[in-house]
Every structure is written in structure tokens, then in C-alpha cells.
Amino acid sequence: MAGNISDEDIQQNILKHLYKINSRDVDAFLSCEIFKEELSLDRADLYRNIDTLKQKGFIDMGNNPGLTGYSIKLSEKGMDTFENPKFTREEIEKAYKTFKIYAEEVTNASYDTYTKSLAAFLNYCKNNEVLEFVIFKFNLIERDFEKWYDNFLNSKMHAHTLPLDEDEKISIIYKFLNEINSGKIKISEFVKSAYKISGKTEKTINKFNQSIFLHFVKGIDIRLKKLMSKIESVPEKTETDEKEVIKKEELPKISKIEVIDSDSVTSKRRLENFEKDNKVVIYPSEVIDGDALSRKLSKNSYNMDNLENALLKLSEELRNDNKSVVAISAVFLLSRNIDSSDLLETQKLLNEAVSAEPCLKDKFKDIAMASSIEVANTGIIKGILALF
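The opening residue of the sequence shown carries number 1 in full-length UniProt numbering; numbering runs sequentially from there.
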């Protein structure tokens, strides 16, 4: 292992460097020796990891007379890992929702809190696998940032000096945001020089967001949606499933529900909206206690709404108190997935929230204790109780 870098990180860096070349020239081979300098690797670390990548089928090796030593390039499998990442729709949707939350934190930040919010936003972009994949391709675009920055400040038409090409625009703004995050560029100095707005005020922040930051958010938003659209939201049906569906569709449908309780008038009134729902199909073999069903539907809906509102209110309180963005994001996502059956994902969000803000453990307990018996079996309530 080279220093503190794991073999997995070394292999990822090798693949990324190869993709940077092979995305432009699929037949281009690189000398293995180049990675010793590029990645500061010892020969043993380099060749051990190259051999691992070869065994996994991610690279092809060959002898190129024009290169020193062995030469390598991405195999079809290696190229496919970059062109067609194996993300689930749920992973992309979660990344998208959280990205928007972090972006909103930046756009709503005051001058004093802007640096902290921007740092959290960029940290998420770098550490989330989905965002890292989307942004990685923009990092491959070569553009002299310092030259662009000087031209931007010296231009009389600043709005026209952002690159016209959308990919290049996102690439240059991402570098810009990281320069600000590192402290090399001060927002107040940039806005004063570019737009003649002085002072460390919200006006300065709003101008920067409108002119620079929101262009980046919009670009990533579009690309996440495109990535999401390529993935089916539901699993493919098996042949057995299709036969069962066909068999069930052949049964005659009943347009009305036969109510079997003591107060049929009351029950029918309660079920009026339920009956009119054209998505609801009742089959002859089904027996329905209309009164019990209507009570269950109304109670569950009401109490689930209460649970959602309690979590939303909690996320707003965290934001108003300038608490951890990680905690705010986790609580917000919980409020949007109160009916989720994925207990592991729910527990993960709860643990993230409590780890970031330990005081949330008691607040979650209060929410659970205030909830009714109708929602006691939900994933969120189970997850909260598992914290204790």
C-alpha cells in the first residue's frame, strides 16, 4: 500500500486516468510507468494494482514500441463502468434530493454562513458516488481557469464570459467554487470587481448565486434527471408474474362495494371517495368490511400526515437553529419517506441524523411516543425505537 492510499483508491485513480485518455482515443495505450509519477506510486504498488485490474477485466495490456515498458488501456468492461454506471434508481433519487437540499442551504445562507454552507455542499458532491460520477466527467474538460478568471474580471460584459458550451460552463464553475472553498478567491472581492457591488452583505451573496452558483446547480440537476431517466423504476416482471396478472384481469370486476356492517348508510358515505377511485378494483372473491376499511383508511392517512408534519417541522427547527446540514438532510428525507418499507435505509438516516446532532435522539423519541397505534408498525417508528 502506498502511504495512506488503499489499493482500491489506487485502482480507481488508474482507471480514471485511463478514461481521461481513452474517452478521446479509445485505441490509445498508456505506458504503465507514467502512473509512477502521476500517482506517486512505487513500482511494486503500481504493478500489483495493474495486475489486479487486468484480472478483473477492466484493462487490456499490450506492447507498444513507442512506449516504455508495458502499455495499458481500458477494456470494454472498464469503459462501460464510466459510461454506464451501475446505480439503482433509489440511489440516484436520494442523491438528487440531498443535492437539492444542500444547494438550497447555499442559496439561503447569509454572508456569515455562506462559506460553511458552500463547504458542506462541495463535500457532498465529492463524497457521494452518484454526484462524484456526474462531476468527474466535467473534471476531464481541460480549461485554463486562471486565464478564464482574468478574462472574466477584465471583460465589460461579464454575463457573456461564462462558456457557452454547457459542459464547459459546469466544469469552469466547479473549479471556481473550489477556489472559493479553498480561500484562494474571496466572494466579496470577486463581486466587487466583477459587478461593482461592495460590502459583505446578502446583496453580494445573492449576486454571486444568481450569476455563478445557480448555473452549476441547474446543470447538475439536468444531468441527474437524465441519469435517472435511463433506469427503470420498477423491476421487470417474470413470466410467472405476467401469467398471474393475466389470470386476475380475466375475472369480472365489481363496480360497487357491498358493505356488510350495521350502519350501511354511514359506511357508504365514508367510502364514497374510495368507490369513485378508478384505480381501485374489487374482485368477486374479496370480502370487504366497508366500515372497518373506511375507518382504517381515514385513521392511517391522518396519522401518517401527522408523522410527516412532525418530521418536517423538526427539519425546519434544525435549519433555523443553524444545525448540521447532514442532520437537516436526513430528517427531511425521513419526512419524505414515511411510508418506506426499507427499514435498513430508514435506520441509516436516523443514525446519520443522531450522529450529527445527538439531541435528535430524544426528539425522535418524543415523535414516536406522540404517534398513534395506527402507525406503530411503520419503518420510521420501528427505526426510532431501535435507537434505544
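These are calculated hints, taken from the structure and not from any lab test. Careful, some of the hints might be misleading.
Unchecked claim - The calculated lysine to aspartate or glutamate pairs, modelled on DMTMM-like cross-linking and capped at a C-alpha distance of 25 Å, are: (1) 196 to 221; (2) 100 to 366; (3) 184 to 90; (4) 116 to 38; (5) 147 to 165; (6) 54 to 76; (7) 97 to 51; (8) 203 to 144; (9) 16 to 179; (10) 186 to 150; (11) 218 to 305; (12) 137 to 112; (13) 100 to 308; (14) 94 to 76; (15) 16 to 105; (16) 16 to 27; (17) 20 to 90; (18) 20 to 60; (19) 94 to 308; (20) 225 to 129; (21) 126 to 27; (22) 86 to 9; (23) 230 to 165; (24) 56 to 38.
Claimed, not checked - The following label-pair restraints were derived from C-beta to C-beta distances: (25) 76 to 108: 21 to 29 Å; (26) 123 to 62: 36 to 44 Å; (27) 123 to 44: 52 to 60 Å; (28) 387 to 61: 47 to 55 Å; (29) 62 to 178: 17 to 25 Å.
For every residue, glycine included, the Cβ atom is placed at its ideal position computed from N, Cα and C.
Taking the hints in turn, this is what the structure says about them:
1. 196 to 221: 30 Å, violated
2. 100 to 366: 28 Å, violated
3. 184 to 90: Not OK: residue 184 and residue 90 at ~37 Å, beyond 25 Å, violated.
4. 116 to 38: 32 Å, violated
5. 147 to 165: 17 Å, holds
6. 54 to 76: 12 Å, holds
7. 97 to 51: Cα-Cα ~39 Å, so violated.
8. 203 to 144: Violated, because 29 Å separates the two Cα atoms, which is more than 25 Å.
9. 16 to 179: 22 Å, holds
10. 186 to 150: 14 Å, holds
11. 218 to 305: 31 Å, violated
12. 137 to 112: 32 Å, violated
13. 100 to 308: It holds: about 19 Å lies between the C-alpha atoms, which stays within 25 Å.
14. 94 to 76: Distance ~29 Å between residue 94 and residue 76 Cα, so the pair is violated.
15. 16 to 105: This hinted pair is violated, its Cα atoms lying about 31 Å apart.
16. 16 to 27: It holds: about 16 Å lies between the C-alpha atoms, which stays within 25 Å.
17. 20 to 90: At roughly 28 Å apart (the allowed maximum being 25 Å), residue 90 and residue 20 break the hint.
18. 20 to 60: 16 Å, holds
19. 94 to 308: Given pair residue 94, residue 308 holds - Cα atoms ~18 Å apart, limit 25 Å.
20. 225 to 129: Judged against 25 Å, a Cα distance of about 16 Å means the pair holds.
21. 126 to 27: 30 Å, violated
22. 86 to 9: Within the cut-off at roughly 18 Å; holds.
23. 230 to 165: With Cα atoms ~23 Å apart, residue 230 and residue 165 stay inside 25 Å; holds.
24. 56 to 38: Measuring from Cα to Cα gives roughly 22 Å; hence the hint holds.
25. 76 to 108: 21 to 29 Å: With a Cβ separation near 45 Å, residue 76 and residue 108 fall outside 21 to 29 Å, so the hint is violated.
26. 123 to 62: 36 to 44 Å: 40 Å, holds
27. 123 to 44: 52 to 60 Å: At 33 Å between Cβs, range violated.
28. 387 to 61: 47 to 55 Å: 51 Å, holds
29. 62 to 178: 17 to 25 Å: 36 Å, violated
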